[in-house]
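**Student:** Below are the chains, spelled out letter by letter.
There are 4 protein chains.
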Amino acid sequence: MTTIEAEGSGAESGTAAPVHGYHHQKDEHLKRLRRIEGQIRGLQRLVDEDVYCIDILTQVSASTKALQSFALQLLEEHLRHCVADAAHKGGAEIDAKVEEATKAIARLLRT
Amino acid sequence: MTTIEAEGSGAESGTAAPVHGYHHQKDEHLKRLRRIEGQIRGLQRLVDEDVYCIDILTQVSASTKALQSFALQLLEEHLRHCVADAAHKGGAEIDAKVEEATKAIARLLRT
Amino acid sequence: MTTIEAEGSGAESGTAAPVHGYHHQKDEHLKRLRRIEGQIRGLQRLVDEDVYCIDILTQVSASTKALQSFALQLLEEHLRHCVADAAHKGGAEIDAKVEEATKAIARLLRT
Amino acid sequence: MTTIEAEGSGAESGTAAPVHGYHHQKDEHLKRLRRIEGQIRGLQRLVDEDVYCIDILTQVSASTKALQSFALQLLEEHLRHCVADAAHKGGAEIDAKVEEATKAIARLLRT
Chain A
1 MTTIEAEGSG AESGTAAPVH GYHHQKDEHL KRLRRIEGQI RGLQRLVDED
51 VYCIDILTQV SASTKALQSF ALQLLEEHLR HCVADAAHKG GAEIDAKVEE
101 ATKAIARLLR T
Chain B
1 MTTIEAEGSG AESGTAAPVH GYHHQKDEHL KRLRRIEGQI RGLQRLVDED
51 VYCIDILTQV SASTKALQSF ALQLLEEHLR HCVADAAHKG GAEIDAKVEE
101 ATKAIARLLR T
Chain C
1 MTTIEAEGSG AESGTAAPVH GYHHQKDEHL KRLRRIEGQI RGLQRLVDED
51 VYCIDILTQV SASTKALQSF ALQLLEEHLR HCVADAAHKG GAEIDAKVEE
101 ATKAIARLLR T
Chain D
1 MTTIEAEGSG AESGTAAPVH GYHHQKDEHL KRLRRIEGQI RGLQRLVDED
51 VYCIDILTQV SASTKALQSF ALQLLEEHLR HCVADAAHKG GAEIDAKVEE
101 ATKAIARLLR T
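Protein chains in written order, with full-length UniProt numbering: chain A, 1 to 111; chain B, 1 to 111; chain C, 1 to 111; chain D, 1 to 111.
Read the hints as simulated data drawn from the structure, not as lab findings.
Small disclaimer: the values here were computed from a predicted structure and weren't measured.
Treat the hints with care, as some may be off.
You can't tell identical chains apart in this list, so a pair holds if it fits in one copy or across any two.
Heads up, simulated SDA-like pairs for lysine to any residue below, C-alpha to C-alpha not over 25 Å straight-line [stated by the list, open to error]:
1. K26 - S69
2. K89 - A66
3. K31 - Y52
4. K26 - L72
5. K26 - V51
6. K26 - K65
7. K31 - A62
8. K89 - R35
9. K103 - D55
10. K65 - R45
11. K26 - D85
12. K65 - D85
13. K26 - D55
14. K89 - R45
Build the full structure now, drawing on both the sequences and the hints.
**Tutor:** See below:
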């Protein structure tokens, strides 16, 4: 099922008109997310097989870390492309972009 | 596919001999994890459709939060059952259990 | 000022009637907190001397880590003493204690 | 002691030649940090007076949050000034700046 989904996304990516920073690493992102999806399915297996709670928690931490690391890569590309673009053009847009990025970082930090 | 998997896990849960604290809420845990799996698949869709980075980051934060909240529930049951059990029996086991739980919390905090 | 405060606390610790788990490591806790206080004062110096933002952020991360690590030690002692005590006594108190501890962990995780 | 330090910093801020983004809010930053320093001193008082562990943990969470929030403000100014500056000038510097900022964010997230 996952594979079919992945094929579908591959087929579409040629026709789309992506404008955002992360486009260049789209395939890498999708691969990462599929790996995380696999981790979450692995967690279901662990719960289903009554694996010891602490071992499940270790896996949850690994998945959380993988998600955070995906977020950081996305953020880096966003800063490199969208924010830098706004700065390049000058004007007031940079302030809005930086504020928006900071709010996203705050959500990641859950402050 | 997810549904079939879920059925399978339901069928097995009667024959297993679970000993851990989270057993009583096994179905709830599996439901939560399936929802998180759906969120991760949703993220793949967002990346595939070239959705704006910041909106993807918002979804990543939501998934991370859901995972942390799952971990907290697991931890609470672990403390209530496994750790409390060790304390009840007395002896040195409680120290080992508490140390183990604290290390799991530390991993969640990524300190 | 800090030193006087510290002396005061040393003098009182003999007369107090501490009941909580962390009592045994009170001196260590106070030492840790004084070190963190020093880090925060160091941060003020960095800001005052116009040190490069990224270097200040590195120091903020170190202080946050030190605080989290202090919290984990406190939590471990709490689980070892207060929660284990409640489990030992039996009855309904253990549920309340575990719920309270879990909520404290949730606040640390800022979920 | 703290007050003298604070006075010193006020006196110097007119003569210094600050170049970084956070300069404009230097006074606000110092005020924030002094408040956090006060919170850490408050924590020492709580430990010294044998206050209940959970209540101390609540205060630790508040201090951690205050530090994170300080970090976010610093980061926002850094993005607005230093990173935007690099983007404005063009060239390769923007990549280095963005990578550096992302690493700082990663440290804050403790990934």
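**Student:** Work down the list of hints and note, for each, if the structure agrees.
**Tutor:** These are the hints, each one checked on the structure:
In this homomeric assembly, K26 and S69 come within 25 Å of each other (Cα to Cα) only inside a single copy, at 15 Å, whereas the closest approach across copies is 29 Å. When the C-alpha separation of K89 and A66 is checked against a cutoff of 25 Å, the pair qualifies neither within a copy, at 34 Å, nor between copies, at 34 Å. With identical chains, the CA atoms of K31 and Y52 are at most 25 Å apart between copies only, with a shortest distance of 19 Å across copies and 29 Å within one. Taking identical chains as interchangeable, the C-alpha atoms of K26 and L72 lie at most 25 Å apart only when both belong to the same chain, with a minimum of 14 Å there against 28 Å between chains.
Within a single copy, K26 and V51 get their C-alpha atoms only as close as 35 Å, which misses the 25 Å cut-off; across copies the closest is 11 Å, which meets it. Both within a single protomer and between protomers do K26 and K65 lie at most 25 Å apart by alpha-carbon distance, with minima of 20 Å and 24 Å respectively. In the homo-oligomer, the alpha carbons of K31 and A62 lie at most 25 Å apart both inside one protomer (16 Å) and across protomers (20 Å), since each shortest distance falls under that limit. Proximity of K89 and R35 under a CA criterion of 25 Å is satisfied in neither setting, with 37 Å inside one chain copy and 39 Å between copies.
For a Cα distance limit of 25 Å, the shortest separation of K103 from D55 across copies, 11 Å, qualifies, whereas the shortest one inside one copy, 33 Å, does not. Taking the shortest Cα distances, K65 and R45 sit within 25 Å of each other both inside one copy (20 Å) and across copies (21 Å). In the homo-oligomer, the alpha carbons of K26 and D85 lie at most 25 Å apart inside one protomer (19 Å), although the nearest pairing across protomers, at 28 Å, exceeds that limit. In this assembly of identical chains, K65 and D85 lie within 25 Å of each other by CA distance neither inside one copy nor across copies; the values are 29 Å within and 31 Å between.
For the identical chains of this complex, K26 and D55 are inter-copy neighbours only, at 15 Å across copies versus 32 Å inside a copy, given an alpha-carbon limit of 25 Å. Taking the shortest Cα distances, K89 and R45 never come within 25 Å of each other, neither inside one copy (51 Å) nor across copies (31 Å).
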